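Novice: This is what each chain is made of:
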Amino acid sequence: MLLAADISVYIDEIIRSLPLLTTEYTLVLSIIAIIVMDLLFGKENPQLLYMAATTGLLVALIASINDWNTVEGPQNIFENMIRVNRLSLFLSILLIIATLLTILITSFEKPFKEEKKGEGEYFSLLTLITLGSILMVKANHFLMFFLALETVSMGSYLIAGFKFDRKGSEGAMKYVLFGAFASAIMLYGISLLYGYTNSFGFIDLTEIAAQGRQIDFGLGFALIMIISGLFFKISIFPFHVWVPDVYKAAPTSITAFFSIVPKIAGLMMMFNIVNRMGINDLEISSISLHLDEMLGIAAIFTLIVANFSAIWQKSGKRMMAYSSISHAGFMMIAILSLTEMGLYALLFYIFIYILMNYGVFFILIKLENATGSDEISDFKGMGKAAPVASTALVILMISLTGLPPTAGFTAKFILFTTVWENFELSGQYIYLFLLLIGLGISVVALFYYLRIPYFMYFKESEGKREPVTFNLFELIFLLFLTTPIFLLFFQPDWLFDVINSINFASN
Amino acid sequence: MTQIELYFLVSIILFCIGIMIVLIKKNGIMILMGIELMLNAANINFVAFAMKSPEAIHGIMFSLFLIVMAAAEAAVALAIILRVYRFYKTTDVDEIADLKG
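Residue numbers (this note's numbering), protein chains in the order written: chain A, 1 to 507; chain R, 1001 to 1101.
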């Protein structure tokens, strides 16, 4: 029975919680505004929709930064459904910046300039996915987490088919069938977990587990099911098969978006589950499987499979899809870390990866516009025709491989240092394997990353290439993405000071 | 067998049937139906486990949200499959294989 006193308690709770979610309200309002504006005057001037989406995201960015400056400790709001802390706010800022970059590179992509089709839906779906991702990193309850995940997924299914052609629809269909299957499995895992723990919170399972941190098969199976659903979102082996097809079929700017935004949300969820529920320590007794070893082996296989498949790719977009799987593997290694350095390494890696990834996809869009395809062999002779793009691409590719003097090297260096510390700390050989495979794989990565520059510089094109020009705005955008890659190599402290202000213990 | 165990048995059988359908059937819409069965299996679990939980309302609330979510997902998936049908004139997942590499 609800009493009047109870109701006033609930109302107080809601009033206390409301001011902490200004980012989300802004995004919801901007989704509605975009839909209404599309209905009223989307046909005549679609430029308004760009402006509406950008304005909404900018206001949301300001709201997040404002929260970042004011929120000190973690705050559980809405009856522990949502947890706002500095970590989730930092990630919200990154997610919004990534979406803003997506909107920018969308404006360079040809089909969207010419066809003028579905722009209202496009921008409202982009904003919707961002909203879902932000809620996902803030979720503190499995219901909240699952609804946020489904918001992200359903938006992604629709936006994957936005090329409106034969292949686009095929990619969307593969995505929706795989995705719905993965989320159904994850959901069953959540229901089993509820049966074991009677709770939807991220409770510490090491307290439930018996002596020696052992859990029985059913609970372990439930955890594996939940982790599989997350693996699908982050594209970790063996749930990565959908990635190349979907990334190839989607518009190029959406490919860039997919390899950042839903992935960050999934990774952070993984981080939360692994650390808060103590999955790192658990062992399934009946088959004596350590869950941290299982995650580690998945990361190792992700690295191997992704990098060796990437070598044989002919299409630049498919290659970047495998590259994004491989980077997900590297970030997975950071999640497995036992110390707080792992989190800092992960955040640093994510930040650098956003810059590199959007840079590469921006140049791919320019090359696609010039040559009309994304096959690597069609980029022959581009080194002379597009000197700026080629130089920038070489820098970005070196950074993606992880060689100095770029920030990609710094990110990998911090990551591997963390893994080595973990090996010394725990003495588990899985960390040594992770380190060795990670280092070896970086050499393999050099082959396929430098294949595009190789074709651009050392192969002559058959016909005469039209020179690819950049206007001032595009040059500034490219500089904005590439200069931090050098700056953060020489001065990583600039970013580290920000990241260090996230208190690991209070998360 | 207690009542909860019986419910759990039903849900496991449903879940396995769902997985079998997804793995065996080639028709996109049939696969979707298999996924719906899996979702409903989880739904039975939520309601059944809520019987023994001290905070029963949580499980029941989850299943309510789940019903709505399943409907939304089916709508999205059907729309996409319809679009595929327009291009390929089939919904057989083996024949829809232009993307390779």
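Rather than coming from a laboratory, the hints here were simulated on the basis of the structure. These numbers come from a predicted model, not from an experiment. Treat each hint with caution, since some may be false.
Said to hold, decoys possible - Only pairs whose alpha carbons sit at most 20 Å apart, straight line, appear in this in silico SDA-like list of lysine to any residue: (1) A:Lys110 / A:Gln47; (2) A:Lys163 / R:Lys1025; (3) A:Lys167 / R:Ile1057; (4) A:Lys459 / A:Thr339; (5) A:Lys167 / R:Glu1055; (6) A:Lys167 / R:Leu1078; (7) A:Lys167 / R:Ser1063; (8) R:Lys1025 / R:Leu1064; (9) A:Lys464 / A:Phe351; (10) R:Lys1100 / A:Asp165; (11) A:Lys117 / R:Phe1087; (12) A:Lys117 / R:Lys1025; (13) R:Lys1089 / A:Lys110; (14) A:Lys314 / A:Gly120.
Novice: For the pair supplied as a hint, Lys167 of chain A and Glu1055 of chain R, is the alpha-carbon distance within the 20 Å limit?
Specialist: violated, 48 Å
Novice: When you check the alpha-carbon spacing of Lys117 of chain A and Lys1025 of chain R, does it fall within 20 Å?
Specialist: violated, 35 Å
Novice: Between Lys167 of chain A and Ile1057 of chain R, is the straight-line Cα distance small enough, at 20 Å or below?
Specialist: Violated. Lys167 of chain A to Ile1057 of chain R sits at ~45 Å, over the 20 Å cutoff.
Novice: Are Lys117 of chain A and Phe1087 of chain R close enough, with their CA atoms no more than 20 Å apart?
Specialist: Holds, at about 18 Å.
Novice: Mind checking the alpha carbons of Lys110 of chain A and Gln47 of chain A for me, to see if they're no more than 20 Å apart?
Specialist: Holds. Lys110 of chain A to Gln47 of chain A sits at ~15 Å (cutoff 20 Å).
Novice: Does the structure keep Lys167 of chain A and Ser1063 of chain R at a Cα separation of 20 Å or less?
Specialist: violated, 36 Å
Novice: Checking one constraint from the list: CA of Lys1089 of chain R to CA of Lys110 of chain A, max 20 Å. Satisfied?
Specialist: Violated. Lys1089 of chain R to Lys110 of chain A sits at ~28 Å, over the 20 Å cutoff.
Novice: Mind checking the alpha carbons of Lys464 of chain A and Phe351 of chain A for me, to see if they're no more than 20 Å apart?
Specialist: Not OK: Lys464 of chain A and Phe351 of chain A at ~39 Å, beyond 20 Å, violated.
Novice: Assess, step by step, whether the Cα of Lys459 of chain A is no farther than 20 Å from the Cα of Thr339 of chain A, and give holds or violated.
Specialist: violated, 47 Å
Novice: Hey, Lys1100 of chain R versus Asp165 of chain A, does the alpha-carbon distance stay inside 20 Å?
Specialist: holds, 16 Å
Novice: Take a quick look at whether Lys163 of chain A and Lys1025 of chain R sit within 20 Å of each other, Cα to Cα.
Specialist: violated, 28 Å
Novice: Does Leu1078 of chain R sit within 20 Å of Lys167 of chain A, going by the straight-line distance between their CA atoms?
Specialist: Holds - the C-alpha atoms of Leu1078 of chain R and Lys167 of chain A are around 17 Å apart, at most 20 Å.
This entry does not satisfy hints 2, 3, 4, 5, 7, 8, 9, 12, 13 and 14, going by the numbered hints stated previously.
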